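Trainee: Just so you know, the sequences run in chain order A and B. Just so you know, we're using the working numbering here: the first sequence kicks off at 1 and counts up by one. Just so you know, we're using the working numbering here: the second sequence kicks off at 1 and counts up by one.
Be aware that one or more of the hints could be misleading.
[As the list claims (entries may be wrong)] Across the chosen pairs, the derived CB separations fall in these ranges:
1. B:LEU437 to A:GLU271: 51 to 61 angstroms
2. A:GLU271 to B:GLY555: 48 to 58 angstroms
3. A:GLN35 to B:GLY555: 33 to 43 angstroms
4. A:GLU273 to B:LYS657: 39 to 49 angstroms
5. B:GLU422 to A:SER215: 34 to 44 angstroms
6. B:PRO469 to A:GLN35: 52 to 62 angstroms
7. A:GLY171 to B:GLU422: 52 to 62 angstroms
8. A:GLU273 to B:GLU418: 53 to 63 angstroms
9. A:GLN35 to B:ASP123: 54 to 64 angstroms
[Said to hold, decoys possible] For the chain B half of the interface with chain A, some residues (derived, Cβ under 8 angstroms), not all of them:
10. GLY267
11. PHE547
12. ASP626
[As the list claims (entries may be wrong)] Simulated pairs of lysine-lysine, BS3-like, Cα-Cα distance not exceeding 25 angstroms:
13. B:LYS572 to A:LYS26
14. A:LYS106 to B:LYS625
15. B:LYS657 to A:LYS106
Think of the hints as simulated: they come from the structure by calculation, not from any bench. Computed from a predicted model, the values in this text were never measured in an experiment. The C-beta atom is built at its ideal place from N, Cα and C for all residues, glycine as well.
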Amino acid sequence: MELIENIQKGERAAIAKAITLVESSKDSDQQISRQLISELIKKPGKSIRIGFSGPPGVGKSTFIESFGSYLVTQNYKLGILAVDPSSQITGGSILGDKTRMVEISKNPNTFIRSTPSRGALGGISMGTREASIILDAAGYDFIFIETVGVGQSEIVASNLVDIFTLIVGPGSGDELQGIKKGITEYADIFIVNKNDGELKIEASKTAADYKSALSYYKKLDELEKQVLLVSAIEQTGMEDVIKTINQIVNQNKQKGIFEERRADQLEFWIEEEVKNIIASDITKRLTSKGNISKYSEKVMKNEMSMYEAVETITKDTLKQ
Amino acid sequence: MTNKSNNSFNTWQKSFEKETKKNYRDAKSETDEGIDIKPVYTKDDLENFSFVENNSLPGQWPYTRGPKASMYTNRPWTIRQYAGFSTAEESNEFYKKNLESGQKGLSVAFDLPTHRGYDSDDDLVMGDVGKAGVAIDTVEDMKILFNNIPLDQMSVSMTMNGAVLPVLASFIVAGEEQGVDRSLLSGTIQNDILKEFMVRNTYIYPPEPSMKIVADIIEFTSKEMPKFNSISISGYHMQEAGADNVLELAYTLADGMEYVRAAMSKGLDVDDFAPRLSFFFAIGTDFFMEIAKLRAARTLWAKIMKDFGAKNERSLILRTHCQTSGVSLTEKDPYNNIIRTSYEALSAILGGTQSLHTNSFDEAIALPTDESARIARNTQLILQNETGVTKTIDPLAGSYFVESLTEELSKKAWDIIEEIEELGGMTKAVKAGIPKLKIEESATKKQAKVDSGSRVVVGVNKYKNPKEPSVDVRVIDNNRVRDDQIKKIQTIKESRDKLAVEKALANLTNAAKDETNLLAPCIEAVKLRATVGEVSKALEHVYGRHFAKSLSVSGVYGKHFEGDKDFMKVEKKVIDFENANGRRPRVLVVKIGQDGHDRGAKIVATSFADMGFDVDMGPLFQSPKDVAKDAIENDVHAIGVSTLAAGHKTLVPELMKALSNIDPKSKIIVFVGGIIPEQDYEFLYKNNVSAIFGPGSNIIECAEKVIDLISDNLSKE
Numbered sequence: 001m002e003l004i005e006n007i008q009k010g011e012r013a014a015i016a017k018a019i020t021l022v023e024s025s026k027d028s029d030q031q032i033s034r035q036l037i038s039e040l041i042k043k044p045g046k047s048i049r050i051g052f053s054g055p056p057g058v059g060k061s062t063f064i065e066s067f068g069s070y071l072v073t074q075n076y077k078l079g080i081l082a083v084d085p086s087s088q089i090t091g092g093s094i095l096g097d098k099t100r101m102v103e104i105s106k107n108p109n110t111f112i113r114s115t116p117s118r119g120a121l122g123g124i125s126m127g128t129r130e131a132s133i134i135l136d137a138a139g140y141d142f143i144f145i146e147t148v149g150v151g152q153s154e155i156v157a158s159n160l161v162d163i164f165t166l167i168v169g170p171g172s173g174d175e176l177q178g179i180k181k182g183i184t185e186y187a188d189i190f191i192v193n194k195n196d197g198e199l200k201i202e203a204s205k206t207a208a209d210y211k212s213a214l215s216y217y218k219k220l221d222e223l224e225k226q227v228l229l230v231s232a233i234e235q236t237g238m239e240d241v242i243k244t245i246n247q248i249v250n251q252n253k254q255k256g257i258f259e260e261r262r263a264d265q266l267e268f269w270i271e272e273e274v275k276n277i278i279a280s281d282i283t284k285r286l287t288s289k290g291n292i293s294k295y296s297e298k299v300m301k302n303e304m305s306m307y308e309a310v311e312t313i314t315k316d317t318l319k320q
Numbered sequence: 001m002t003n004k005s006n007n008s009f010n011t012w013q014k015s016f017e018k019e020t021k022k023n024y025r026d027a028k029s030e031t032d033e034g035i036d037i038k039p040v041y042t043k044d045d046l047e048n049f050s051f052v053e054n055n056s057l058p059g060q061w062p063y064t065r066g067p068k069a070s071m072y073t074n075r076p077w078t079i080r081q082y083a084g085f086s087t088a089e090e091s092n093e094f095y096k097k098n099l100e101s102g103q104k105g106l107s108v109a110f111d112l113p114t115h116r117g118y119d120s121d122d123d124l125v126m127g128d129v130g131k132a133g134v135a136i137d138t139v140e141d142m143k144i145l146f147n148n149i150p151l152d153q154m155s156v157s158m159t160m161n162g163a164v165l166p167v168l169a170s171f172i173v174a175g176e177e178q179g180v181d182r183s184l185l186s187g188t189i190q191n192d193i194l195k196e197f198m199v200r201n202t203y204i205y206p207p208e209p210s211m212k213i214v215a216d217i218i219e220f221t222s223k224e225m226p227k228f229n230s231i232s233i234s235g236y237h238m239q240e241a242g243a244d245n246v247l248e249l250a251y252t253l254a255d256g257m258e259y260v261r262a263a264m265s266k267g268l269d270v271d272d273f274a275p276r277l278s279f280f281f282a283i284g285t286d287f288f289m290e291i292a293k294l295r296a297a298r299t300l301w302a303k304i305m306k307d308f309g310a311k312n313e314r315s316l317i318l319r320t321h322c323q324t325s326g327v328s329l330t331e332k333d334p335y336n337n338i339i340r341t342s343y344e345a346l347s348a349i350l351g352g353t354q355s356l357h358t359n360s361f362d363e364a365i366a367l368p369t370d371e372s373a374r375i376a377r378n379t380q381l382i383l384q385n386e387t388g389v390t391k392t393i394d395p396l397a398g399s400y401f402v403e404s405l406t407e408e409l410s411k412k413a414w415d416i417i418e419e420i421e422e423l424g425g426m427t428k429a430v431k432a433g434i435p436k437l438k439i440e441e442s443a444t445k446k447q448a449k450v451d452s453g454s455r456v457v458v459g460v461n462k463y464k465n466p467k468e469p470s471v472d473v474r475v476i477d478n479n480r481v482r483d484d485q486i487k488k489i490q491t492i493k494e495s496r497d498k499l500a501v502e503k504a505l506a507n508l509t510n511a512a513k514d515e516t517n518l519l520a521p522c523i524e525a526v527k528l529r530a531t532v533g534e535v536s537k538a539l540e541h542v543y544g545r546h547f548a549k550s551l552s553v554s555g556v557y558g559k560h561f562e563g564d565k566d567f568m569k570v571e572k573k574v575i576d577f578e579n580a581n582g583r584r585p586r587v588l589v590v591k592i593g594q595d596g597h598d599r600g601a602k603i604v605a606t607s608f609a610d611m612g613f614d615v616d617m618g619p620l621f622q623s624p625k626d627v628a629k630d631a632i633e634n635d636v637h638a639i640g641v642s643t644l645a646a647g648h649k650t651l652v653p654e655l656m657k658a659l660s661n662i663d664p665k666s667k668i669i670v671f672v673g674g675i676i677p678e679q680d681y682e683f684l685y686k687n688n689v690s691a692i693f694g695p696g697s698n699i700i701e702c703a704e705k706v707i708d709l710i711s712d713n714l715s716k717e
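One chain only, chain A, in its complex shape:
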């Protein structure tokens, strides 16, 4: 495929068109997309994929702008995949990530793509995984995956990246209660932002809170979770972030955790694809048979119970 060659040459337009293909809902596009990804995946590049998440208002985009600027001045090539929520009502979206990434969006060493979420669960859109494979093939050193909000998205996002990072603000000790154990299993690094001006003391205190809480949850064979203090607006602490990332990557590679994770992720991906195919097949059958409306009518008329209806429909649908 000519497209593959052009991606590997790093041609911006080719990368962009390929991402459009993997995001497309059109059947013919999906077929090309599958061929493309199957080819690209055979020759993985050197990219490290980093996930960034965090509650709204902690300065996530400002951090990415600041950290990203630091990386490109060190001559790294940086790809950023950001997901913006689509409106539930109109289906349209405003993709405004670039307005918060003014400096790095101009830099020739970056590729920044925003994607509408299209109602996908967890703030990760269809195609984010494939898009990161394309950027990897195009020779990007780091790929950032930014997700919206905290919650479900962490679990989905952590299945796409090598390192998962949670950004929090000063005084978020209380949120720790809510985050609790689940998140610590996914996040490798905790970044406390806004370590500047009046908030400095509060930020240090928050970092200490996180450290003590995290040591409490630490499993025996696990690496220690890192808590870092940064100021995105003053661009301080960025060296520590990249150092820590490299450190974790190296350690994980030595211990085989890096490969293990990628293997797990492949498993998860296959499972997801299979489920998707089955689900869409089932949906088609359900609609064509019209069982749901037929049986819910019966339930309404008290001719059968709700659970009887469910069982009958399930059996009928699964029958070839």
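Starting from the structure of chain A, add chain B where the hints point.
Mentor: This is chain B only, laid out in the frame that chain A set:
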């Protein structure tokens, strides 16, 4: 209510209901501000006022009726036309002509690079030099600008907010080199940075250091320039950006309070500087509302300043300049604009403004020509000399309606001011982006009213002119202006004392670190011929440049169109498009260059998204190259360029070039919206622009055209 008047009102109400076949209670109409206007007002409406005092007189507390006892009966308002374009030489000629024809004060418009602290030779500002204002790079330009205009006799207003320091310093030095001491200079510098963060976006530094600079200027002028207004607190640009009158009034006064606090934090007594604070409001087409706004502004400001502990009566008085609304002008049937401007001017006069700018009718299309500027000026001369409006002070005082409206506006504005105070003042509110968002919401609502036809704009959505007149416009050859400026900068840089300039700039940087007053070291640097760009950079080393975060409203536009046929038609086209192409139509909406007026771009973005498009928003102040990178990486179908500052003839071809540099096979289509003279249409179409939308375009029609163009373009593949 006495029995008798009660009876007669009831009789009237019955007759009213009989004539209109409507229930009296349903006969109210709601304004943009959310005020219910009744069909009739009576003496009873004058009761229970908490702001307006019924028996006050002009020049007396609470100054509702005017800042002076004699008002226009002694001296009419100052006709002050805002102008400036291309080089200092050409603007100077234009000023002198205007002064000969009866204009009394000058008001200088600077070009965008000057506003943003860039020299004309900076690559970033390629398309903006000399457009929408005059280019000033050094004090030499400032001297040419006022050549043969004695600065001890002429009051000069300067619309400058970002690069206030080098511009005011240049003005002071230009005066001195004319032999005029700074204490004799009179006029105003706008110096209102807060509204820049809200709407106009010609800032340079972040909010905190910007506020410090404002306070420095207030401090310096209060000590050394007693005849000079240190600030013009402006609501104008808020209304232009779509704010209703309550928002404009409340945010302007809240800005004023923030400046008072900033100056007081420098240790100044409120009466040292308050008499030199001045205001600037927009006057739109809502005739009585605008009159009430000016009356309410004076009433509220007196109360605010009393609360600050002002003792000097002059500190309590709000003096204001007004300008007729630019956004009310239409590209369609442009001679209607003369009529709109006339009514707006009358509103401003009945409201008691101290000076006035009337817009030229062609300003929705281009910069005014000599002829259109003459009509605009004569609008005021006719009001002053032929209509008799100067003979009686505040003639609408005592009108049941106008007094009630004044009271109601005051009340609503006061509520918002209190909200802002609770947030900790305007700097904090601005940093949180609240006012900006409220204004954008109001703007989107207004646009939706026009597009849905529930608000009539003559010649635009009703009573269209079947034969649109063609209008001659002023053309600026901005490449020539830029070349001239670059030559001048080179000559000056070669002849000045290089070491002394470097030292002066280093002193300025140090002063910024030490937090001492910055105007004095600026004057030193400017005297030695440091450029506007160099001075701005010397401060940027300490403060950094500010980049605004962009928030957007959504759903506001679409709400006005529930069940609208045209709207639903576009929605359906979007869904059909998605089914055929595997994704929604995707459009990048951008501003290019140094023009920060982003109301239009924001409205297009939010309304397209409400119709189901995927809309990418670019940051402000992008170069054509940045836009091309952004568009290609996101594989958009189309780019919408919003332009209001006449840079399109340079910037659009640059964008086309940048697109094909990155991707020679690029299929991205480009459409342009904003203020574009018809003469330029052909040029743009030749440069492969697919569509052009002028001011007053119906956004639903635009959206439909864009989606059709995209579909056509894709089917060619």
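Trainee: Taking the hints in turn, state whether each one holds.
Mentor: Going through the hints against the structure:
1. B:LEU437 to A:GLU271: 51 to 61 angstroms: violated (43 angstroms)
2. A:GLU271 to B:GLY555: 48 to 58 angstroms: Taking Cβ atoms as reference, GLU271 (chain A) and GLY555 (chain B) lie about 37 angstroms apart, which means the hint is violated.
3. A:GLN35 to B:GLY555: 33 to 43 angstroms: holds (40 angstroms)
4. A:GLU273 to B:LYS657: 39 to 49 angstroms: Given about 43 angstroms between the Cβ atoms, the range holds.
5. B:GLU422 to A:SER215: 34 to 44 angstroms: With a Cβ separation near 41 angstroms, GLU422 (chain B) and SER215 (chain A) satisfy 34 to 44 angstroms, so the hint holds.
6. B:PRO469 to A:GLN35: 52 to 62 angstroms: holds (59 angstroms)
7. A:GLY171 to B:GLU422: 52 to 62 angstroms: Violated, at about 21 angstroms.
8. A:GLU273 to B:GLU418: 53 to 63 angstroms: holds (57 angstroms)
9. A:GLN35 to B:ASP123: 54 to 64 angstroms: Cβ of GLN35 (chain A) to Cβ of ASP123 (chain B): about 43 angstroms, so the range 54 to 64 angstroms is violated.
10. GLY267: This hint is violated: GLY267 (chain B) lies away from chain A, its Cβ roughly 23 angstroms from the closest one there, beyond 8 angstroms.
11. PHE547: holds (5 angstroms)
12. ASP626: Check passed: Cβ of ASP626 (chain B) comes within 5 angstroms of chain A, closer than 8 angstroms.
13. B:LYS572 to A:LYS26: Between LYS572 (chain B) and LYS26 (chain A) the Cα gap is close to 18 angstroms, so the pair holds against 25 angstroms.
14. A:LYS106 to B:LYS625: holds (8 angstroms)
15. B:LYS657 to A:LYS106: Roughly 17 angstroms separates the two Cα atoms, so the pair holds.
Violated hints for the displayed structure, listed by number in ascending order: 1, 2, 7, 9 and 10.
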